[in-house]
Amino acid sequence: MAKKQLVETTINGEPVEFLCEPRQSLLESLRDILGLTGSKEGCLTGDCGACTVLVDDRPVCSCLMLGVEARGKKITTVEGLAEGTKLHPLQQKFLEDASLQCGICTPGFLMSAKSLLDRNPNPTEAEIRYALAGNLCRCTGYDKIVRAVMDAAKVIQAR
Amino acid sequence: MNRFEVVTPRDLPNAVKLLSGRNHAALAGGVDLLDLLKQNIVAPQSLVNLKGVGAMDAIETDESGGVRIGALVKLSEVAANPTLRERYGAVAEAAAQAATPQVRNLATVGGNLLQRPRCWYFRHPDVNCLKKGGDRCYAPGGLNRYHAILGGGPSFIVHPSNLAPALVAFAASVKLIGPGGERTLELERFFTLPRIDPTRENVLDTGEVLIEVMIPAPAPGAASAYLEAREKQSFDWPLVSVAAIVVSDDTHLIRDARVVMGAVAPIPWRSHEAETALRGARLDSSAAARAAEVALKPAAPLSDNGYKVPIAKALVRRAVLRAGGIETA
Ligand SMILES: Cc1cc2nc3c(=O)[nH]c(=O)nc-3n(C[C@H](O)[C@H](O)[C@H](O)COP(=O)(O)OP(=O)(O)OC[C@H]3O[C@@H](n4cnc5c(N)ncnc54)[C@H](O)[C@@H]3O)c2cc1C
Ligand code: SF4
Ligand code: FES
Ligand code: FES
Numbered sequence: 001m002a003k004k005q006l007v008e009t010t011i012n013g014e015p016v017e018f019l020c021e022p023r024q025s026l027l028e029s030l031r032d033i034l035g036l037t038g039s040k041e042g043c044l045t046g047d048c049g050a051c052t053v054l055v056d057d058r059p060v061c062s063c064l065m066l067g068v069e070a071r072g073k074k075i076t077t078v079e080g081l082a083e084g085t086k087l088h089p090l091q092q093k094f095l096e097d098a099s100l101q102c103g104i105c106t107p108g109f110l111m112s113a114k115s116l117l118d119r120n121p122n123p124t125e126a127e128i129r130y131a132l133a134g135n136l137c138r139c140t141g142y143d144k145i146v147r148a149v150m151d152a153a154k155v156i157q158a159r
Numbered sequence: 160m161n162r163f164e165v166v167t168p169r170d171l172p173n174a175v176k177l178l179s180g181r182n183h184a185a186l187a188g189g190v191d192l193l194d195l196l197k198q199n200i201v202a203p204q205s206l207v208n209l210k211g212v213g214a215m216d217a218i219e220t221d222e223s224g225g226v227r228i229g230a231l232v233k234l235s236e237v238a239a240n241p242t243l244r245e246r247y248g249a250v251a252e253a254a255a256q257a258a259t260p261q262v263r264n265l266a267t268v269g270g271n272l273l274q275r276p277r278c279w280y281f282r283h284p285d286v287n288c289l290k291k292g293g294d295r296c297y298a299p300g301g302l303n304r305y306h307a308i309l310g311g312g313p314s315f316i317v318h319p320s321n322l323a324p325a326l327v328a329f330a331a332s333v334k335l336i337g338p339g340g341e342r343t344l345e346l347e348r349f350f351t352l353p354r355i356d357p358t359r360e361n362v363l364d365t366g367e368v369l370i371e372v373m374i375p376a377p378a379p380g381a382a383s384a385y386l387e388a389r390e391k392q393s394f395d396w397p398l399v400s401v402a403a404i405v406v407s408d409d410t411h412l413i414r415d416a417r418v419v420m421g422a423v424a425p426i427p428w429r430s431h432e433a434e435t436a437l438r439g440a441r442l443d444s445s446a447a448a449r450a451a452e453v454a455l456k457p458a459a460p461l462s463d464n465g466y467k468v469p470i471a472k473a474l475v476r477r478a479v480l481r482a483g484g485i486e487t488a
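Chains as they are written, first to last, in the working numbering: chain X, 1 to 159; chain S, 160 to 488.
Just so you know, not all the hints are guaranteed correct.
Said to hold, decoys possible - Computed cross-link-like contacts, EDC-like style, restricted to lysine to aspartate or glutamate with a CA-CA straight-line distance of at most 16 Å:
#1 Lys176/S x Asp194/S
#2 Lys197/S x Glu28/X
#3 Lys197/S x Glu21/X
#4 Lys73/X x Asp56/X
#5 Lys3/X x Glu164/S
#6 Lys154/X x Glu125/X
#7 Lys197/S x Glu41/X
Claimed, not checked - Not close to chain S: a few residues of chain X, all C-beta gaps over 12 Å, as computed:
#8 Arg31
#9 Thr37
#10 Thr45
#11 Glu69
#12 Gly84
#13 Cys102
#14 Thr140
#15 Arg147
#16 Ala158
#17 Arg159
FYI, nobody ran anything at the bench for these hints, they're computed from the structure. Each residue gets a CB set at the ideal place from its N, CA and C atoms; glycine is no exception.
Please build the complete structure, drawing on both the sequences and the hints.
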């Protein structure tokens, strides 16, 4: 049996160490080892985006990346979005615009949207749809999600 | 999924040495490899993490005006690279249309060219078809709507890579390093048909690492286009894709053309017929339609994939016109 490996990484700005089996994905490492259950498990094949986290500020499917590959990287999960009790503008607008129903897709959408707004604070609707193409939602019909991202962009620009 | 180790080689020669050992697999972005591991289609004892060697991750212009793309460059980097977008538009566009943002941030150029086919029989853990060393192909008598219409038999996969047709159109080569040293191969010769060996899609040897893709400088007056048709707009595998390059002058006289189709054959399918039809012609919609007609003449669809033929014709026609600077509806 392959031995567990020590992984030193940064998660949501904090240095973190964890032990994982080489075959455990980053998603399993976050959820099952570190108790960060915000990132969701949907398909495990890269199709749904529920597991989206940022690695060095870029959205990736954490189900398609091994936990050991987090070594030396900067990981951001949905748990790192709010500042204390103050929600991120995206979270606030998702609530106000009713951009979620069951909510399983929401953490993934938030992370993809955050990465877009960090790079491009004033995206067009087409740019938003392209950036969110890797996130599936079976409840909302996407429209309210796109609207929330546009509304959050306005809040961020006004800061 | 079996229990494997992940080893990080010091450098490329060390990676080659490790990969020459029994039951080792190269790990690049891991997008396809993890999928194959989860389905128990491969069960290596060690993954050799190529990202550990700290090379192969740049896009560089060379002295002769061509471009070298390291095997570990991500699809998202290809899609965003200004040189590629300007001079090798079809390559950047093929990357931009592949998969999802989250996948493009992990998937590498080498891995995209070396990913295994999507045939659902191949991907099923309990089906032992020809490609896995079994005794038959289940596609012709089974569900074959996404299978090959050209070059099929005895296996009918379609090559899954978006980049491959675009790179073949630009006459790219690949540099490989293995136990016997380095070699460079035209990408077109790198891919092989199932009639040569149905268990493989290319000629990469055990222990070999794909280091980089080299694309020569495009001919003066060359312009390219990449188009794909899919079932779902947000993201999806192409039903058919076409990369076209047209070298023409102000009067639309075509000096040279390359037409390569994806998702229709077990290899990126270059249509010499279409290229011959275009060369010397004046580009207009009827010349493009003739090229499309001859490109699909050899098509031999299976029971459920005949619909690909008209789609492929339409895409060849539109891609050729678009590459030649003529916009179509
Ligand atoms: C939801 C989804 C949608 C997708 N849609 C598309 C699409 O539309 N178009 C498309 O083209 N692709 C698509 N893909 C496939 C994806 O692009 C490939 O899986 C990816 O490019 C593989 O690259 P990788 O770096 O992750 O390779 P890995 O998974 O790391 O490697 C793939 C294979 O190549 C070997 N390998 C990798 N690099 C090297 C090297 N340098 N030398 C030697 N061997 C090597 C590995 O051992 C492995 O066998 C999709 C994938 C997903 C999950
Ligand atoms: S098309 Fe190829 S991979 Fe699919 S069942 Fe036939 S032999 Fe197997
Ligand atoms: S769980 Fe990772 S993409 Fe669906
Ligand atoms: S809110 Fe239910 S899947 Fe998106």
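Output the indices of the hints that this structure fails to meet, ascending.
Numbers 1, 10 and 11, in rising order.
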